[in-house]
Amino acid sequence: MRTRPQSAGDQSGAVFVLAQLTPGNRAMVVGTVAQANPLIAKRLGQLGFRANAHVDVIRRAPLGDPTIYRVHDTELCLRRREAQLIEVIPEADR
Amino acid sequence: MTACHDVEGSAVAVAGIRRVALVGSPNAGKTSVFNHLTGLRAKTGNYPGVTVGRSVGTTSVDGVAIAVEDLPGTYSLDPISPDEQVVTDLLAGKYPGIDAPDALVLVADATTLRRSILLIGQVLRLDRPCLLALTMGDELAARGGRIDVAALSTALGIPVAAVIAHHGSGIDELRAQLASFDRWQRPPVLPPIAEDDIDAWGQSVLDASQYLAPQPDGRTQRIDRVLLHPLWGTVTFFAVMFYFFQVLFTAAAPLRDGIGSALTWLGRQVGDHVGNPVLRGLLSQGILGGVGTVLQFIPQIVLLFCLLAFLENVGYMSRAAFLMDRVMAKTGLEGRAFVAMLSSFACAIPGIMATRTLPSSRDRIATIVTAPLMTCSARLPVYTLLVGLLVAPQTRWCGLSAQGITMFLLYLGGGLSALVAALLVKSTILRGDLLPFTMELPPYRLPSARAMLAAMWGAARVFLRKAGTIILATSLVLWALLNLPVRESQTQGMSSTDATAYVMNHSYAADLGRAVAPVFSPLGFDWRTDIALVGSLSAREVFVSTLGQVAAASDPESPQQALAGMTDDQGRRIFTAPTVIALMVYFMFALQCMSTIAVMRRETNTWRWPAFAFSYMFVLAWVMAFVARSIAMGLSA
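One line per chain: the protein sequences are A and P, in this order.
Just so you know, numbering that gives the first Met the number 0 puts 41 at position 42 of the first sequence, and the rest follows in order with no gaps.
Just so you know, numbering that gives the first Met the number 0 puts 355 at position 356 of the second sequence, and the rest follows in order with no gaps.
This is chain A alone, in the form it adopts within the complex (with noise of 0.2 Å):
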């Protein structure tokens, strides 16, 4: 099991994959992670998961996966697959 942020405001500065914050998280994009494919370390980039955005984690889906976050005021669902490849800096929750 992956450790997870369990209050973000203790382990400020830790960085995460964003797949591993759970609902009512709120995070800041760091980038993406070294061995990400660039082209789809860009899509996430242009879907507004780029460095300074902040995220908020809003929903899983009943199955465990896709999960909707809020981005540049647009909630999208992304695969754990691709949430995996950007890192974020937990911020306190809502």
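It should be emphasised that the hints constitute simulated quantities derived from the structure, not laboratory data.
Using N, Cα and C, we set each Cβ at its ideal position, and we do this for glycine too.
Here are the simulated DMTMM-like cross-link-like pairs (lysine to aspartate or glutamate), alpha carbons at most 25 Å apart as the crow flies:
1) A:Lys-41 - P:Asp-77
2) A:Lys-41 - A:Asp-64
3) A:Lys-41 - P:Asp-88
4) A:Lys-41 - A:Glu-86
5) A:Lys-41 - A:Asp-55
6) A:Lys-41 - P:Asp-196
7) A:Lys-41 - A:Glu-90
8) A:Lys-41 - A:Asp-72
9) A:Lys-41 - P:Asp-126
10) P:Lys-93 - P:Asp-126
11) A:Lys-41 - P:Asp-198
12) P:Lys-329 - A:Asp-64
13) P:Lys-93 - P:Glu-194
14) P:Lys-93 - P:Asp-77
15) A:Lys-41 - P:Glu-194
16) P:Lys-93 - P:Asp-181
17) A:Lys-41 - P:Asp-195
Partial list, computed: chain P residues near chain A (C-beta under 8 Å):
18) Thr-110
19) Leu-227
20) Thr-233
21) Pro-435
22) Glu-439
From chain A, some residues computed to sit far from chain P (all C-beta separations above 10 Å):
23) Arg-25
24) Met-27
25) Gln-34
We have chain A; now place chain P onto it with these hints.
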């Protein structure tokens, strides 16, 4: 219509007039703007050489026609899928055979403007006459956001038109501007290239136009709490899909039967008034029969697109796809393919047409070539006949009706094989799609009647014009095969059922049946069964009546009695249990429907995919039928 040149055939380009293209991300309201500008005069087709849909319409400004093209939705001009490549190439004037449009209309949703800034910047860098149509301004205000449209225009350096695509306000002003695109303001300085700089540029544009992003939509949040709830969301999903399927399956039937009986009546009139028997047959069965085959799909297609447009415009479709994505991901497809697969349980034709909602053309093709394996309603009469021949109605297995269980297994087999085939196709020939699964969940909105009408009309029209002609032509060929040459002298004095049987058993189709008999004899089919197989290409259920006519059954629509007693030249029974099982399995897998083939041709824009689907399903059907027959013979021995 004014100076609109009605271009016939497959070309959707309108020659010789000025062209404007709509560019925007998915969900920006691009298609609504397009529908309002062009009315119901849009022509839909495909871009040459690819499975990417193209819509071109015309609008007229002061009597001058302007072609408007609705480009596929895209998030950026750095393409990672064939669909996005089309947009990028077309805008750059690099698409083979299509010139770059004269002017561009960017369509952006005011409530998600920050996300669209990147695409706006990229399009401005093309340095073409460009106008921004800003939609959903009413919703922005209602959710506590604001924007100064005039200041946005100044900051971007291009004209900005506020439109509310929902009720069409601002459309006339937008249309009026289209005529004068050579006088549109052009940005004095183009936006920067580098992505970081473009963020800073975007922020300065938003600041200059005093943009305040809207609050998340409270109503949508409340509805989502229920509709995406692990329990209530799942229950609602199944209820919606059940109702959706019910409407498709049952509500279309009376309409279809109405069309059927109207054409039968017409056929009878022809029969009463035309003396020449060949001409009478050609008119009443060949032509009217073919027209009937085409028209009977219209109620289902129109209903499906009505429901699809409703669910899509309300915002539920993306929620359904969100709930089902995990399941569909197992087949290599995505949540949005679920609806197309489900629709194919009613009929593969609307199912195939429903794949247009999939953003990836690989996913579209994978769904198109596998959806016909789903047990469509045309298989039902065939299965009913065959199940009746195989097991007696009173037989019970484990206390359940044996006929019911057999039918259930046939449905299950069809559904599972479609999913397995999708998995195989997606992991072999259609592998390697980079496009990540991303889907926006728009706020819930009331759908406009106009959008739904446009969707219904567009689908019916495309089907009639593109697939209808192929279906009609094949129907005529099949009629000729089954009813020619004329046997008037030989059938003198026979009863009409015997005469029909005689004509069919000495027709070109019979020659064909005998010619292909070696292919099917390992499955136990004799040449008369093969005639019915040829006939069933016009629609699977025709198998029942053709077999009835061949066997000279007193009621060709329920030929069970006649078939059970049918024997071959050596006096052996033809429809033994292993042969009936082989026929069932054959119908479960074979693409025995030329209407489906015609629609595949239309949707994929090539004969390659229908040929592929027909071949693999034929091989699959033959092999599986052979295996099933061998097992059945082994068990009964």
